[in-house]
Amino acid sequence: MSLRLLSRLPVNFGRRLHFTMSATEPILRVENVYYTYAPSSPKPIHALRGVSFTIRPGEYVAIIGHNGSGKSTLAKHLNGLILPMQGDVWVRDWNTKDKAHRLDVRSTVGMVFQSPDNQIVATIVEEDVAFGPENLGVPHQELRARVDWALDTVEMQAYRHRAPHLLSGGQKQRVAIAGILAMKPQVLVLDESTALLDPLGREEVLRVARRLNDEGVTIVAITHFMHEAALADRVIVLEEGKIALEGTPREIFNQAQRLRELQLDVPEITQLAHRLHAQCEAFPRDVLSVEEFVVAVAQSERERGRGGEGEQGSRGAGEQAREVLLPFPPSPPHPLSRSPVNINVRNLAHTYLRGTPLESVALRNVDIEVRRGEVVGIIGHTGSGKSTFIQHLNGLVRPQSGAVRVLDYDLSDKKTDGRALRRRVGLVFQFPEAQLFEQHVGDDVAFGPWQMGLRGDELRVRVREALEAVGLPFDSFKDRALYSLSGGERRRVALAGVLAIKPEILVLDEPTAGLDPRGHHDILERIMALKRDWGTTLVIVSHNMEEIARLCDRVYVLAGGQTVFNGTPRQVFAQSEKLTQLGLGVPQVTAAMHALRARGINVREDVLTVAEAAAVFSNQSSVFNS
Amino acid sequence: MEDFEIARNITIGQYLALQSFIHKMDPRAKLLCFAILVAAITFSASYTANAIILLVVLALIPFSKIPIGYALSGLKPAIPIVLLLAALQIMFYTSGFAGGPNCISFFRWGPIDSNTCGVQLAVVSAARFIELLILTSLLTFSTTITELTLGTEGLLSPLQRRFNFPAHELALTMTIALRFVPTLAEELERIMKAQVSRGADLGQQGRLRFVQQTRALLPLLVPLFLSALRRAEDLVLAMEARCYVGGKGRTHFIEFKAKPSDFIALIVVVLFSAGLLFYQFPF
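Chains A and B, in that order, give the protein sequences. Residue numbering for the first sequence is 1 to 626, as defined by this note's numbering. Residue numbering for the second sequence is 1 to 283, as defined by this note's numbering.
Keep in mind that a hint or two might mislead.
Said to hold, decoys possible - What the simulated footprint calls covered on chain A by chain B, stretch by stretch (three residues with Cβ under 8 Å from a Cβ of chain B suffice, anywhere in the stretch; the number is not a length):
| # | region |
| --- | --- |
| 1 | 67-78 |
| 2 | 137-148 |
| 3 | 178-186 |
| 4 | 494-502 |
| 5 | 576-582 |
Read the hints as simulated data drawn from the structure, not as lab findings. Glycine included, every Cβ here is placed at the ideal spot set by N, Cα and C.
Taking the hints into account, I'd like the entire structure generated from these sequences.
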């Protein structure tokens, strides 16, 4: 525990000072904890089955595991929101079962939850931050000081008088963190606090977490984003309510095979390092970040140079490099460039609440063309107008100016029947599982076609096709209760609900957001199958650049309500500087290639996937065939 | 159908951040004044008393620095109701009001009986309605949600001490409800759009087919309620994690200190209202 933080603790915390001096003593001890949901029911769920570990002050620990592995149940044990059925949890020397110390435990171990909306209590930011210390009975003067300090720490001073619903997800989550900090906790538990945020918001939250950790606050981050786990000092992997693996991120990610068995993932850059290691022993496997990767490549490059081939060798390498720099599959003419245009958007503009003091411009000038059978990606940071745009595609929003033609419907014409259009254009919103309303899977999927007038066998066939298209066997799933499904399965049912209307065009808004790695893979595979088997025209909005690179034929970049540029993923991601300026990223592998070139290592930049990158390096055999 | 913009930029309350005496009043004093004036309005039945109140209430608008057009904007939607009410009262009111049974009829035709009492009732009701609307607008335009809830809590807290009346819980419930209004409105908007996108047909059912209409609302209501319940559960956990154990021993981030001017305002309002109630206006 750093002295800097201690000096900030107010006087009445002197009592605690005594404990924190013995910094090597663990601050959290979890001892053989068992927890079962619905223990007396015929199907009890054993969420935790004998978990033990300790956390020392100042550590940054990540707890990972797929959905249902018990990690959230474990998190709620750490501040006594759930009490263990067997075993004990100790916070310093308080047992969480001890009612007398309940508030000590909860103010020492602060917890930030997943949903940014559902943990803000007050209607004004600063009043919400004050909620915790108010509960603790902190005197008025000090309360003010704490709120100031907490808002400063999360860089939200400027927003202190705002209403929370007007903030972005990342900002709300920072307010939630401030609300915890104002209780002056020594441990901050982030219970999937970044899962529902966009990349920018996630970055904001992680920056705050890292800073707090530098100042001596212990961080326990529950996450299924592997690159977040890579930031930690120590990673604990949960599986079936038990600890499956424990170690430094380097030790953990080295076991790619084992992680895949645990339905988890390894960061792309680590996957690439593993492939290179397989080709060449000398290349390190334990690479966790783009920076480390660049260093490792530079290192092996240097070693090769020292290997004694001299000038001739490097000239050879140069030639070879030039050779591999030729465009990567010699860009074939776009196979779909002759198929009919399904979506044609010209000069589209849209202003919300036009003519009122609250008006805000969502779209300024959007031009987009999608041909039949194409998969088109739309990327842009939050607020760039993506969601307003896609709502034009099925007539939920009508163009205020400019032209939108979808299939043979002209949406600028007020008389165009939006309902008829929506039977041919499916739109899947973000977190579509929120729209499910029936008790049973089959009924919910049948809703769309039933509304279209299908009955009997016809309806049954539709539901069967839709469910099978998302990989859920009709016979075993149609009568399943919706609440009994996992998050990924619910997402797939919601997708099936839209597919059941058999749309010719399918628009997907962030189809994988908030899913664990397994759910993520499933959805991606299903989308690719749709393209292959149904020939559906797809428009995909996503923040996940790896996903866009894998799925899309073409990509449009939206910024400030305008289409800024477009092209194949290769062309678009080659402009990494421009994208970074717009607050967007590129796939991790692409970023690594750009970083290598910036260091004067001549590799091609138009690389999108791990497989491609591995191919590049094996072509560039000079590096590895020494 | 095409306009689903229910929620965009909803503002909680109608507070206008201005610097006026009314804005700066202690919310407890302001709420008390408001309650007393409402009582005075309700019990004043004479033309004169209502004319005086109307003038005073109108005079309060420039005093609060709220633009007069903005302050009166709430009246516009109420005009048809006020007129309809007045028409009915003038046409059908028969027994005595205010002045007792000495009503003078001036028009009779079938069931219609127009008399002076009816006219007085109509005029006074309309005046009351307008006075109450302006007064309420003044309160909401000049007071934040926090001040309203904490003011209510402050006024009711003696009851909590004496009779265990849940004043703090009431205030917190109010705050949380208001906090989630825009969130749930956004949610509803999203659900409507999602259901429409998969073929739902909202708002085009046959008339008077309630069962069908209600069924058609299920795709909206079920997800909305599920989400509200999930939010409530999350919120409970979040509040517990932030050491909430009820109102006992809590301190307040926002503290009110009654100023002498608040007491003066209160005294003025009490005297004014008492005058109105106890003075026998001849007209």
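Right, here's what the structure says about each hint:
Counting residues of the region 67-78 of chain A whose C-beta lies closer than 8 Å to any C-beta of chain B gives 1; at least three are required, and the coverage claim is violated. Against chain B, the region 137-148 of chain A contributes 7 residues with a C-beta closer than 8 Å to a partner C-beta. That satisfies the three-residue criterion, and the hint holds. Residue count for the region 178-186 of chain A with a Cβ under 8 Å from a Cβ of chain B: 3. That meets the three needed, and the coverage hint holds. For a cut-off of 8 Å, the count of residues in the region 494-502 of chain A with a CB near a CB of chain B stands at 4, and the three-residue condition holds.
Note: the region 576-582 of chain A has 0 residues with beta-carbon separation from chain B under 8 Å; the three-residue rule is not met and the coverage is violated.
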